[in-house]
Every structure is written in C-alpha cells, then in structure tokens.
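Engineer: Sequence:
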Amino acid sequence: MSSPIQSPGAEALRYFDASPVPMYLLWRGDDGGTELIHANPRFRADAPAMMGGEPGSWAAHIHPEDWPQVVGPLAGLEAGGEVELEYRCRPGPGQEDYVRVRDRFAAHRAGPGGMEILAVRLDIPDAGERAGPGQCREALYRSAIQGSPDAYFVLDGQGRIQEWSPRAESMFGYTQEEVSGRSLEQAIQPRGNPGEPEDVFARFLRTCREQGSGRRRRFIARQRDGGGMPVEIQASQLELGGQRCYTGFIRDISDRLLAEGRWVQAQKLEAIGQLTSGLCHDFNNILSIVIGSLELLNEPLTAMERRQVVQSALTAAERGVEVTRSLLAVARRQPLEARDVNINALLRELEPLIRQTAGKAVQVEVAPLAVDAIAHIDQGGFSNAILNLVINARDAMPQGGSLCVYTHWLGLLEHQETAPELPPGEYIAIGVDDTGAGMSPGVAARAFDPFFTTKERGKGTGLGLAMVYGFARQSGGTAQIQSVPGKGTLVTVLLPVVATSRQSPPLVDVRHEGGRGWPAPEP
54 MSSPIQSPGA EALRYFDASP VPMYLLWRGD DGGTELIHAN PRFRADAPAM
104 MGGEPGSWAA HIHPEDWPQV VGPLAGLEAG GEVELEYRCR PGPGQEDYVR
154 VRDRFAAHRA GPGGMEILAV RLDIPDAGER AGPGQCREAL YRSAIQGSPD
204 AYFVLDGQGR IQEWSPRAES MFGYTQEEVS GRSLEQAIQP RGNPGEPEDV
254 FARFLRTCRE QGSGRRRRFI ARQRDGGGMP VEIQASQLEL GGQRCYTGFI
304 RDISDRLLAE GRWVQAQKLE AIGQLTSGLC HDFNNILSIV IGSLELLNEP
354 LTAMERRQVV QSALTAAERG VEVTRSLLAV ARRQPLEARD VNINALLREL
404 EPLIRQTAGK AVQVEVAPLA VDAIAHIDQG GFSNAILNLV INARDAMPQG
454 GSLCVYTHWL GLLEHQETAP ELPPGEYIAI GVDDTGAGMS PGVAARAFDP
504 FFTTKERGKG TGLGLAMVYG FARQSGGTAQ IQSVPGKGTL VTVLLPVVAT
554 SRQSPPLVDV RHEGGRGWPA PEP
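First residue of the sequence shown? That's 54 in the numbering used here, and the numbers climb one at a time after it.
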C-alpha cells in the first residue's frame, strides 16, 4: 500500500518534529490497511521503551488480541474526529514482551484513497491504571509473585517448569532460562528428611495430580553451589486454556527450623525441671518407706510383724522400679521386645483385667473389631498403656460412668490432616472413651507431657499418659487426645498394621457423631 500523502508540509513538519510530545502520522487506506508514514524525533527516541518507529512497522507491533479493538475505531474515524485508545505493543523490533500504551488519534486530512491520521502518545499507564478488572487482577497477582519471599513456579501437564520467579532464581541459583523445560526434581533434586522414603517428592507430585493439591511437605532442596536448603512446598493443579498445569510456592524454612529448635530446647529445659522435681518427690516417698522399714527391723518384732515390714520395703522398692520403667518408656530409651501381636485378641484377653481395674461403679464395654489386625509391638508395653488409660478414665469418674475400649480400622491418605506425623498406610486405632469430667483445651494440650498431672500430690506421677505416648511413638504410631469438659475424654492410640484378615481397608478421615474422636466401633 502506498500513501499519496507522504508527509506534512515543511512548516508543519518543522513544528511536528520539534514537539516534545511523541507523535507520529498514520495513513489509513480505503482498503482498511494502516501504516506509519512519519514519526517525530521524540517518538523515535522513546521507541526502545515503546514501539518501533520505522515507517510501515506500526501494525506489526500491536498485540494480535488488541488489533481488532484498534483497527475498528480507526476505520470509523471521520474527518475532524478523534479517538483515544489503549492497547499493547512491542517496545521495539525483535522484542517479545508487550507494554501497554495510550494514544490519541485525530483525522488530520483526507486524500485520494484514504485518510491521514495524527497520533499522539499520551503515556504508558501503570499496570493497574485504566485497565479492566481482569487486567488489574493479573497485574496485582504478578506484582505479589514478583515481591513474594517465596519461590513461585508453574509446571506444565508433564511436570516441566514453565515459570520460575526471581525469588526462585535467588534461592536456588538457577535462572529461568536454565530450568525452563526441566522437571522440578531435576532443578532442585529434593530429598526427604531423615527417616522418610526416597520417593517422598515423587509421591507428593502424584498426590497433587490425583487430588488436585498436595499437602505441604518439607524437603531438603539442592542449590546451585551444592548446598542444601530446608524448604516447604505447596502446589495445586488447575486448567488454563484447556491445558492442565501446576502452580506452587517453595518457602525457605531455615529460620523457622532454627526458631523451632530453640523452642524445643527451651521445652526440654522446662521438662528437665519438671522431671527433677517429680523424681525427687517420688523417690523421696519411696526411700522414706524403705528407710522407715529398715529402722523398724532394729526393734523387737514378732515374725509376722517382721514379714510385714520387709514386705512394705519391697513394695516401695518395686514402686521405684515402676517409676524408672515408666521414665525409660517416656524417654524412649527402654528397648521394646516387639513381635507380631493380634490386637483384637489381646484386648479380649485383657477384658477381665480392664473390668477389674475400672471398678464396679464403671460400666465397661470392650468392643474390638471382628476383623483381626496384626501389629508389630511389645505386648507388655501395649497392655501397660491400655491399663494406664483405663486407670485415668476410672479416676475421672469417681461417681461412676461408662467406659468403652474399642478398635477401629483406619487408612491414612498422604494429604490427610488427622495424624500429619504419620506416613500414609493402614493403621488400627484403639480408643479408650470415658464419660468423665473431661479436660479443658489447655489441660488436654499438656496431657502427654512428662510429670504433668491434675491429680492431688501423691496420687499421680504424671507419667501414665506420657508413657502411653512414648510407647505409641516407639511402635511407629502416635497417640491423640480429644476431650470435652463435662462430657468425657477419648484417648486414641494409632498403631501401624503389618497384616490383616481384611482384603482392603476403607480410607477414611472422619469423626464419630460425638465429635470427640475416631469413628465408633462397627456393629
């Protein structure tokens, strides 16, 4: 297309070129074609930050999606008319990124076969200025991502990196160009924490694909310099333009772990103080009985009285042994003699002792599952744990009440929040549920702490629940407590199952209607 009007007159051109405002002239042909025929020096000087200023290059630099909303108004522009348009264009030849600009177009003069249009570049608005709601949101999101202290990434449907934020570059030392098209595993080579399986990261991504999102997981990520950074990753799946992709954030948790370590150390020091106080109190009572009994042996006693004194000393010494054994279990230093145990069969064997321990004022129900489950545990440790829970339940119901000891099958998914410290798998949950006084949230939160007790001095060591928790953790499981003041308490021991008579356990993560614990026993 050739313009019959090549440029303004000499006088007009002199003022046009001298203007400090970026200006250019377009020729709009009757056939609908539009080309740039002249641009003033200011426009050409600003071209690297705006768009190409060479004749004929104007239309080629406009974003294809914006071209219809530009060419339409220009085609309808009549002599003397004006229109202000905002659109995206390339800053210069060979550049792929687009910038948003705002120009005012005025029909300058008509000629054979078309119209000359004067264009004035008003400004380049900020990202959110004069933009539509969608553009504003996009600008805000991008600004948040660019300024986020977390690394942001986008993966395509095959798990290849498509976007890699500046923070990701600074955290790991790899640029967008270096990681683009590579998998996240190749880029940062994450490895699990000690004790976790090697494929923990692969399982995280698989869960993200299957469930739509992956539960936050911690890893050690490799940096470019070979160092390892503890990180936390969260990702989710979404559809963009009909294509599946994954977006997520990676957070450096080095400072958090340092703070957690200091907090744990402070907790240990506090526990040591409680431990010292509790041990001194318990062993002082024990030694007082032993010493008192030995002193009595110096007195003239009958044979029967002598046997009673000796028995009193032996009972006190045995009490010391029990305190030591409980303390070792809490500290997880006492070795367990683990073997495969049928949990439900063992509960049936313990039922008479459970009823005797609970007392006549407590109505007891023992309801193990019909399906047998085998756990690799120390049988004596399990029995002691259950009886400790029964004793606590009995003491919480001095006027009598109901006690239910039951088992329930549980399959934990990777994204579950019920017991985040446990890996996915099959577990048997042993619940000890009472209708006693219950506990406040503050008391329940400390119930597993060593030597923490609400009982009167001399009536409890505070090691019972701590020993239960220590046993559960040593056995590869955990213990949890839910309590409602005035309604009762449920303590649940979760143990991993190594064998079962059941084909496929249901994967559940629900609570029974009482709202305090695991699902009720199956009928």
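Bear in mind the hints are in silico, worked out from the structure with no lab data behind them.
Note that the structure is predicted; figures quoted are calculated from it, not measured.
Where hints are given, some of them may not hold.
For each label pair, taking beta carbons as the anchor points, the in silico distance ranges come out as [what the hints assert, rightly or not]:
#, residue 1, residue 2, range
1, 281, 118, 43 to 51 Å
2, 537, 424, 25 to 33 Å
3, 350, 412, 18 to 26 Å
4, 157, 281, 32 to 40 Å
5, 306, 175, 41 to 49 Å
6, 314, 475, 16 to 24 Å
7, 390, 368, 44 to 52 Å
8, 234, 281, 23 to 31 Å
9, 73, 239, 50 to 58 Å
Beta carbons are placed, not taken as given, at the ideal position from N, Cα and C, and that holds for glycine.
Engineer: Are any of the numbered hints broken by this structure? If so, which, sorted upward?
Structural biologist: Of the numbered hints given earlier, those the structure breaks are 3, 4 and 7, listed in rising order.
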